[in-house]
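A.B. asks: In case you want the letters, here they are:
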Amino acid sequence: VHQALKYLLDLIPPFNNLSGIVQDVIVMVVLLIIFVIFVSVSALVLIWLERKISARMQNRVGPMVAAPWGWRSRNMWTGGLLQTGADAIKLLFKEDIIPSQVDLPVYKSASYLVITATMLSLIVIPIGQDLVVSNMNVGLLYLLAVSSLTVISIMMAGWGSNNKYSLLGGLRSVAQMISYEVPMIVALMGPVIMAGSLNLQDIVNSESTFLRLTFGSHHFMVGWPAWLVVNFLGFVVYLICGNAETNRPPFDLVEGESELVAGFSTEYSGMRFAMFYLAEFINMFIISCVATLVFLGGWKIGFNIDPLLIQHLPLVVVDLIGFVVFMTKAYLMVLLFMWVRWSFPRLRADHLMSFGWKVLLPTALVNLVIATFVTTIWVIFASGALG
Amino acid sequence: MVNDVAFYLLTAFVVVSALGVVLNRNILHAGLSLIICFWCVAGLYLLLDAPFLAAIQVLIYVGAISVLLLFAIMLTHRISSREPRVPSGRMLGAASIAVAFMLLAGWIFSNIPVLRVWLAQYPNTDIYHLALSFMSPGQFLVPFELVSILLLVALVAAVIIARRDEPLEVTR
Chain G
2 VHQALKYLLD
12 LIPPFNNLSG
22 IVQDVIVMVV
32 LLIIFVIFVS
42 VSALVLIWLE
52 RKISARMQNR
62 VGPMVAAPWG
72 WRSRNMWTGG
82 LLQTGADAIK
92 LLFKEDIIPS
102 QVDLPVYKSA
112 SYLVITATML
122 SLIVIPIGQD
132 LVVSNMNVGL
142 LYLLAVSSLT
152 VISIMMAGWG
162 SNNKYSLLGG
172 LRSVAQMISY
182 EVPMIVALMG
192 PVIMAGSLNL
202 QDIVNSESTF
212 LRLTFGSHHF
222 MVGWPAWLVV
232 NFLGFVVYLI
242 CGNAETNRPP
252 FDLVEGESEL
262 VAGFSTEYSG
272 MRFAMFYLAE
282 FINMFIISCV
292 ATLVFLGGWK
302 IGFNIDPLLI
312 QHLPLVVVDL
322 IGFVVFMTKA
332 YLMVLLFMWV
342 RWSFPRLRAD
352 HLMSFGWKVL
362 LPTALVNLVI
372 ATFVTTIWVI
382 FASGALG
Chain R
36 MVNDVAFYLL
46 TAFVVVSALG
56 VVLNRNILHA
66 GLSLIICFWC
76 VAGLYLLLDA
86 PFLAAIQVLI
96 YVGAISVLLL
106 FAIMLTHRIS
116 SREPRVPSGR
126 MLGAASIAVA
136 FMLLAGWIFS
146 NIPVLRVWLA
156 QYPNTDIYHL
166 ALSFMSPGQF
176 LVPFELVSIL
186 LLVALVAAVI
196 IARRDEPLEV
206 TR
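Protein chains in written order, with my numbering: chain G, 2 to 388; chain R, 36 to 207.
To be clear, the hints were calculated from the coordinates, so they are not data collected in a lab. Please note: incorrect hints may appear among the correct ones.
Stated by the list, open to error - Only pairs whose alpha carbons sit at most 20 angstroms apart, straight line, appear in this in silico SDA-like list of lysine to any residue:
hint : chain 1 : residue 1 : chain 2 : residue 2
1    : G       : K109      : R       : V194
2    : G       : K165      : R       : F106
3    : G       : K109      : R       : M109
4    : G       : K109      : R       : A41
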């Protein structure tokens, strides 16, 4: 993408005289703008999807019917298309109410930090072979590191609001996120050990060549389905922890209305609230993307299909197919998250903690053991020690 | 050139936020500037082509230690005060010691030719060789263990500082 943009820049008259560094900066800015727009639009789509699905499941009217004039009927696809737009406009026009007793710098920067942290973690997510903003060697580690900024911003929001409900909600949320981060990381370690890399592209590539069987002269590759079978426990633990990390129901005790009003976001209104809202949805998307990349083969279809595609089709078409496959998987994960959200009641605080430490962590460790075992056997076979 | 600009920006942020940690009258704000400081140090590691170290810096210092620190701060009594937290005489002493230490470190790194020769042996240090040299007895095992003793000393010191001066009454 970077090269293509640079090439385009060389064609346009006022830009082709500039020096390399200035061009680099322009390319960077353009990439960033594209990126931010993509992220915001996908968050809007996600919010619409969530309201749509909740409306389907609980027979709510607005998100099913609000639509441009021609499509007013209870059309399954377009009904409710305007709902998110209306929400966004409403939030934009709302007054930015800042309570008088807040800790102003902390209160304000919390709402900026939460969206920044979320955007930062998106840059290492590849949507296809070499289609990534920054192909970092330690991509997964970076992702986990940056997501810890979200924890701090929630803490800042809880403190800065100068409200006991906010503070309690913030502290609860931080406690929950910290304790669910542990099984989440352990669950991710299984695939990392099997791939021998923290780079997300490397992980996807070793998924696609996993379990290569040879019958005579025929090679047969199973790819990510076999990978998922080996790492299934880790996958389930990751999904549950991901749900808890984004503070979504059934793990939304941080904003349990009956006890904490709205948790750390109680004192935020208008666009500042929208920042937290957007961040939650983008975070959910990121969790889905990571689940897709680490457990579900990313942009690969699986079996022997991918090498065949690369052999017979031009690279652009392969990339396009990969993008569609990736997005399909990621959105299926998102759908799963929404399904869970509208199906389960909220957990109790002590249940939440004991579930995290006594159930999820051991399960993730079992997955780690299985993955290590499989990798060891793999290495022994590959070295030919067993013939 | 871009790297130079980034370096000076990051360094400025590190210095300013570090001063913020020391001089801020609100402990919570001091803790938050400590997070900025850690974050910018991670950026410096990135400029040094050590992304692993940068990610670990963020994960451990920003993600774990700072959060713990903020928790501890939120449980304390006086979070903000009108007077400076440290008396100015003590602060002067601390500042002069810090400057002296900085000069010493700079002198060590720039003036000892042995160190430079030794550093030149490892043009691209990856994490594997780093771990190897920390763990093998001939190289850095002793300094590595000394650092952990230093941590232990700090831990004991923290307990002693936090302890009440008068012995606790034993309930009968």
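A.B. asks: Can you name, in rising order, the numbers of the hints this structure does not satisfy?
C.D. replies: 1 and 4
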